[in-house]
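Make the full structure from the sequences, and use the hints.
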Amino acid sequence: MDPLWIIVAFVFGFAVKQIGLPPLVGFLMAGFALNIFGVEGNEILYWLADFGIWLLLFSIGLKLNVKSLLRPEIWATASLHMLITVIVFGLGIFALGYLGVSSFTSLTLGSSLLIAFALSFSSTVFAVKILEENGSMSSAHGRIAIGILIVQDIFAVVFLTVSSNKLPSPWAFALLALLIIPVFIKKSPLSTIIDKSGHGELLVLLGVLIPFGGAMLFSSVGLKPDLGALVLGTLLSAHPKAKELGNAMLSFKDLFLVAFFLTIGLSGLPDWKALGISLLFAVLLPIKVILFYLLLTRFKLRARTATLTSLNLANYSEFGLIVGAAGVAGGMITGEWMVIFALALSLTFVIAAPLNIGAQRIYKRLQKKLLHFEGKERLPEDKSIKMSDAQVVVLGMGRTGTEVYNIMQNEHKLNVLGIDHNMESVENHVREDRNVVHGDITDVEFWQRMELSEDLKLIIMATSQHSVHMAVIEQLESKDNKTMIAALSRYDDEMVELKQSGVQVVFNLYAEAGAGYAEHIYRIFSATLPDDRK
Numbered sequence: 072m073d074p075l076w077i078i079v080a081f082v083f084g085f086a087v088k089q090i091g092l093p094p095l096v097g098f099l100m101a102g103f104a105l106n107i108f109g110v111e112g113n114e115i116l117y118w119l120a121d122f123g124i125w126l127l128l129f130s131i132g133l134k135l136n137v138k139s140l141l142r143p144e145i146w147a148t149a150s151l152h153m154l155i156t157v158i159v160f161g162l163g164i165f166a167l168g169y170l171g172v173s174s175f176t177s178l179t180l181g182s183s184l185l186i187a188f189a190l191s192f193s194s195t196v197f198a199v200k201i202l203e204e205n206g207s208m209s210s211a212h213g214r215i216a217i218g219i220l221i222v223q224d225i226f227a228v229v230f231l232t233v234s235s236n237k238l239p240s241p242w243a244f245a246l247l248a249l250l251i252i253p254v255f256i257k258k259s260p261l262s263t264i265i266d267k268s269g270h271g272e273l274l275v276l277l278g279v280l281i282p283f284g285g286a287m288l289f290s291s292v293g294l295k296p297d298l299g300a301l302v303l304g305t306l307l308s309a310h311p312k313a314k315e316l317g318n319a320m321l322s323f324k325d326l327f328l329v330a331f332f333l334t335i336g337l338s339g340l341p342d343w344k345a346l347g348i349s350l351l352f353a354v355l356l357p358i359k360v361i362l363f364y365l366l367l368t369r370f371k372l373r374a375r376t377a378t379l380t381s382l383n384l385a386n387y388s389e390f391g392l393i394v395g396a397a398g399v400a401g402g403m404i405t406g407e408w409m410v411i412f413a414l415a416l417s418l419t420f421v422i423a424a425p426l427n428i429g430a431q432r433i434y435k436r437l438q439k440k441l442l443h444f445e446g447k448e449r450l451p452e453d454k455s456i457k458m459s460d461a462q463v464v465v466l467g468m469g470r471t472g473t474e475v476y477n478i479m480q481n482e483h484k485l486n487v488l489g490i491d492h493n494m495e496s497v498e499n500h501v502r503e504d505r506n507v508v509h510g511d512i513t514d515v516e517f518w519q520r521m522e523l524s525e526d527l528k529l530i531i532m533a534t535s536q537h538s539v540h541m542a543v544i545e546q547l548e549s550k551d552n553k554t555m556i557a558a559l560s561r562y563d564d565e566m567v568e569l570k571q572s573g574v575q576v577v578f579n580l581y582a583e584a585g586a587g588y589a590e591h592i593y594r595i596f597s598a599t600l601p602d603d604r605k
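For the sequence shown, position 402 (counting from the first letter as 1) is numbered 473 according to our numbering, and the numbering increases by one without interruption.
One or more hints might be untrue.
Straight-line distance between alpha carbons at most 27 angstroms, and here's what the computed DSS-like set of lysine-lysine pairs gives [as the list claims (entries may be wrong)]:
# : residue 1 : residue 2
1 : 267       : 312
2 : 314       : 134
3 : 435       : 553
4 : 371       : 439
5 : 528       : 553
6 : 134       : 312
The hints are simulated quantities; they were obtained by calculation from the structure and are not laboratory data.
Next up, the structure:
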C-alpha cells in the first residue's frame, strides 16, 4: 500500500474524530482528496478493499443465527422495503425522464428500476462499524439491522447471478453440499484445526485464511466471493472459539476496510450534473428511513427499536455499486452512474454518521410523535420488565457479569437480577437457573417503565463499553436514583469520567483481573501451608 494513502487516511480520520464523527467519514474524505490531486487507486488497493469486505462478512457469519433471518421483522421487512423502494424510486426516476429532465431522459423504465434497485440497499460496512463502536452488535436493533442487511445481500447475489446470463458451475452445487455436510456431523476437520490452533498468532492467521479460502472457493465455481466468506463464518458460528476467532481478526478487518472507504472516493470525480443527481438521491434518503420505521413497527417492534434500526440503515450501500457495475456491463446504464452512486453513498455516510451517534437523543426528542405509530403488540424480547425484590442488579451477563452474579448470590446470599440485551445469552442463563431477563439497558423507555425495587442496594455495570455506561448513568439520573453504582473501565480517562458522573465505585478491568488472579492463587496456595503460617 502506498504510504501516501495511509498518511492521508490517518490525517482525515484523526481530524473528523476530534469533532465527534466516526473515522470512516474521514477515510471517505481522504479518498476524494487524493482523487482531486490526481492520485489513483491500483489493483493492490482494490484487492485490500475486497479482502476487508470478506473479513467483515466472515465476522458477521461468526455471530449469525440463521434462524433469526426467518423472523418476519427481518425477512418480511427487508423484502417489502426493497420492493416498495424499487417501485417508488424507479417510477419517480422514470417520471423525471418522461417530464424532460435532461439528466434522466435517456433512461428506459428498465434502467430506472435498476437504479432504484441499486439505491434500495443499505450499507453492511457502515452498519457494522457503527454498531461495533456503540457496543450494540448484540442489541435488539443491532441484530435486526444486520439480519435485514444479510437478506438484502442475498437479493444482490441472486440478481448478480441472473444478470450475468450464465449459471454457476455445476461444481457450485457440489461445493454447497460439501459445506452443509459438517452441520450433520459431530466435528468437522476445520473445527479440529481451530481447536488445535491455540490462542495466538496461528488463530489470527487462520482467521485471515478461512474467509480468503471461502471467497476463492466460491469464486472458482461462479459464485460471489463475498458469499463464500459469509457462509464459512456462519458454519463456524456454533464453534466454542467463534467469538475468540472474531475478536482475533477485529483489528485486521478494520485496517483493510480503510482501503474500502478510500476506493469509494477514488472511484471518480463528479461533474456538476453528477453532483446534482447525487444530492437529489441524498435528499430522498428520509423516504427509505421512514419506510423502514413504518414496516418495523407493523411487525411489533417498539418505536425505539424501530427508530434505532432505521437509523442504522439510513444510507446507500456498497452493494449498490456492485449492482450498478453489473448494469453498466449489461449496457442498461452508462458508466457515469457509477460516480453518482459512489458520491451518493459517500454523502449518506456523512449524513448517517452523526444521526447514529445522536440516535438516542433524536428518539428522545421525537418520542411522543413516534409512539403514535407503535403497535399494541410486542415481540417477546421487546417487552418491559420488573426488578421485583432484587437487592443487586448486574447489567451485562457476559463472563464478568456471570461471575459477579454467582459471587453475589452464592457467597453473599443476596437477591440478584441479571439483565442482558442478547436473547440467546438470556435463554442460556435461565436454563442454568439464574434470574436473568432480557432488556436493552441503553433504552430510554426501559428505564422509564422500570420500577426500581425498594430493596435495591447496588447496580453493577459489568460491561466494558464506556458509551453504554454513560447512557445508563443518564437514565438512572432521570429516575432520581440514589442506589450505589459500580462500573468496570478499561482506560484511565474513562475512569475519571465515570467518577465525575457520580459512579461511586470504579474498577480498572485489567487491574482487577490481576487482583482476582492473585487472590485465587493465594487461596489455593494457603491451603498447603501449616495452620500457623496462614
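### Satisfaction of hint between residue 553 and residue 435, Cα-Cα up to 27 angstroms
holds (23 angstroms)
### Message
Please verify whether residue 528 and residue 553 have alpha carbons no more than 27 angstroms apart.
### Response
Since the Cα atoms of residue 528 and residue 553 sit roughly 9 angstroms apart, the hinted pair holds (cutoff 27 angstroms).
### Query
Hey, residue 371 versus residue 439, does the alpha-carbon distance stay inside 27 angstroms?
Holds, at about 18 angstroms.
### Query
Taken at face value, is the distance from the CA of residue 134 to the CA of residue 314 at most 27 angstroms?
holds (8 angstroms)
### Message
Hint check: residue 134 vs residue 312, CA-CA at most 27 angstroms. Holds or violated?
### Response
With Cα atoms ~11 angstroms apart, residue 134 and residue 312 stay inside 27 angstroms; holds.
### Message
With the threshold set at 27 angstroms, check whether the alpha-carbon distance from residue 267 to residue 312 stays at or below it.
### Response
The hint holds at about 11 angstroms.
In this structure, none of the earlier numbered hints is contradicted; all agree with it.
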